[in-house]
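Undergrad: Can you make the complete structure from the sequences, with help from the hints?
Chains as they are written, first to last, in my numbering: chain A, 1 to 138; chain B, 139 to 276; chain C, 277 to 392; chain D, 393 to 508; chain E, 509 to 601; chain F, 602 to 694.
These aren't lab readings, by the way, just hints derived from the structure by calculation.
On a predicted model such as this, the values are computed, not experimentally measured, just so you know.
Just so you know, not all the hints are guaranteed correct.
Computed cross-link-like contacts, DSSO-like style, restricted to lysine-lysine with a CA-CA straight-line distance of at most 27 Å [stated by the list, open to error]:
| id | chain 1 | residue 1 | chain 2 | residue 2 |
| --- | --- | --- | --- | --- |
| 1 | E | Lys560 | B | Lys173 |
| 2 | F | Lys606 | A | Lys35 |
| 3 | C | Lys334 | C | Lys324 |
| 4 | D | Lys440 | D | Lys450 |
| 5 | A | Lys100 | A | Lys35 |
| 6 | F | Lys606 | F | Lys653 |
| 7 | B | Lys214 | B | Lys173 |
| 8 | B | Lys173 | E | Lys513 |
| 9 | A | Lys35 | F | Lys653 |
| 10 | C | Lys338 | C | Lys324 |
| 11 | E | Lys560 | E | Lys513 |
| 12 | D | Lys454 | D | Lys440 |
| 13 | A | Lys100 | B | Lys173 |
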Amino acid sequence: MQDSSPFSFTIVITGAPYSSQAPQSALNFAEAAIKAGHRVDRVFLYGDGVHLASALASPPSDEPHWPREWSAFLEKHCIAGVACIASALRRGLVDEGEQKRYELSASNLLTPFIIAGLGEWVEGRMASSRTVYFHGSD
Amino acid sequence: MQDSSPFSFTIVITGAPYSSQAPQSALNFAEAAIKAGHRVDRVFLYGDGVHLASALASPPSDEPHWPREWSAFLEKHCIAGVACIASALRRGLVDEGEQKRYELSASNLLTPFIIAGLGEWVEGRMASSRTVYFHGSD
Amino acid sequence: MSTLIVIDQPPYGGWAGREALDMAFSLAAFDQPVSLLFCGAGVNWLRKGQEPGTVRQKSVEKNLAAAPIFGVEALLADSDDCNRYGLEPGHLLDSVTLVRTDPQLFAGYSHTAFAG
Amino acid sequence: MSTLIVIDQPPYGGWAGREALDMAFSLAAFDQPVSLLFCGAGVNWLRKGQEPGTVRQKSVEKNLAAAPIFGVEALLADSDDCNRYGLEPGHLLDSVTLVRTDPQLFAGYSHTAFAG
Amino acid sequence: MTEIKTLHILNKSPEHPRFTRCLTVAGPEDTVLLIENGVLGLVAASASASGKLLALDADLAARGVGNQSGTVETVDYDAMVELTTRAQQVISW
Amino acid sequence: MTEIKTLHILNKSPEHPRFTRCLTVAGPEDTVLLIENGVLGLVAASASASGKLLALDADLAARGVGNQSGTVETVDYDAMVELTTRAQQVISW
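TA: Structure representation (structure tokens):
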């Protein structure tokens, strides 16, 4: 069924959960890639996609919790989850380091996501055999 | 120049800062309304607009800090700022009460914003002489 | 003195349509007269046979069917947009009224709002 | 093996265009060949005489003018879209090349990406 | 001060479906105010608006489209507030 | 397994300018995969796509458009992953 040689993927998500379907479609895609024996090297959150790394999202209990589902998936498969620092800081997504640097009242980055620069995206593109983007709809 | 009888406004913002121009256009409008002798009763944040109430947004220092500018404006003129609870919880915007209720690691609601239901919007529409919406662009 | 809430964004790809429904149901809950207008890609909310369980979302079919009971005065749909999306009357949820989105339609409401 | 970053959203009303520019400049900083394509309402980024200080945003005119120095190979703009927005060659920033957005154009790049 | 039936605040570029819809729905006693990305549709709106057409000066200047079409009447935020008080209804697109 | 030149992943409704742009740019050796709101454009895309056209089954079923036009070939996420490995390039619109 599948090509015998495994591929590696960098997945880029630019749409926010609960504003777009992007995090959901991306997770379905990533799960299918792993199931097919491929590798997911890295998930890069850009633009409004950084909201997927929020530790404080609290959707109704009968709706999927996309940040937690992504977090569990990343941990289970030891995949790096990176939120773009420029996108994240503007949109109020910060880790403890940024909290201290900007003297903020709290941090809200969900583990295992980390905050880093666009260099992570450039590196992912070079290292992976395919980079697939999931944008917001309309 | 202006009509002599003062008007009162409810302002609804549905576009996020740093993703749309809505918070900026709305602030310019609200300042002009106050200057003209009108009253701004309430600002209601809905959908992606709730991100305007983030206490953690940290834009580059040479860019306007829209959450803080809005916060200062609301406090100066004693205007109620309300983020819709359903929109806010899904998008990771919580006050201390919701933090406890959902056992979250932090809260991130900027003062003087409060979190409340759509009833605040319904009430605002009825009480104010004009309700003006500021949506995201494209 | 009725309010028209307009839904012009398609279902499931975003949350604006749901948030518009919440606005309409809130108005109705406070006994404020309200109608819903579906136009553009928003008419796809009205298609019979949606199975949003496949994208792990809740169906709004029941909510919309119960809209009159909740106090929503009318579910209006732009007839041209229904045609464009291949929505014949038989494909539409019951209790939908086909209309033309023109100045006259909007003139019948004292307020008109989008969710985003 | 060059990358094409596409900007089809207009300036100032949103951040997607700026975020696309950041992507292009990052690729250039890592010595990855990259070009920018402006199409649709995105061609409005290329208009001379923008004064975004009136909306308290920074101008990208200088960044775009310096794009070749930063290592961006080309600034491409869809000619039909420029016409549609009344952008004659004299209105456009220097160093913009007018192109047709067709299959041949995209075939010249190994990767194509939008910022959102 | 003439009364305005409906003030349409249009912030979408002409690529957005709501741009055309707004102009279709705006009647001759209405006023359409272009703000934000909406000012990019100045030429398209001038051709098809049946009522009065205005554009916000700050957004025109930001996008550099002010000088090219000198025909439209521009307003500032003070005038925008006044327009909302003179209109029976305000619709934001 | 035929090779695909470019796989176009199209998640916008036909109202969105990127929908038309994608179909204009997709050549005869390309494949267009409709996902999310893109499946609402099945009829429009069938008429104008010069290459192969596919649609994601979960998104079709969610929107109830699967049964009406039984002509399009549908794929699941497993097949979508395979398509990305068979394509020389993947563009998400």
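Undergrad: None of the hints should be skipped; say for each whether it holds.
TA: Results for each hint:
no.	hint	verdict
1	Lys560/E to Lys173/B	26 Å, holds
2	Lys606/F to Lys35/A	25 Å, holds
3	Lys334/C to Lys324/C	14 Å, holds
4	Lys440/D to Lys450/D	14 Å, holds
5	Lys100/A to Lys35/A	40 Å, violated
6	Lys606/F to Lys653/F	11 Å, holds
7	Lys214/B to Lys173/B	13 Å, holds
8	Lys173/B to Lys513/E	25 Å, holds
9	Lys35/A to Lys653/F	26 Å, holds
10	Lys338/C to Lys324/C	11 Å, holds
11	Lys560/E to Lys513/E	11 Å, holds
12	Lys454/D to Lys440/D	11 Å, holds
13	Lys100/A to Lys173/B	38 Å, violated
Going through the hint list in order, the structure does not satisfy hints 5 and 13.
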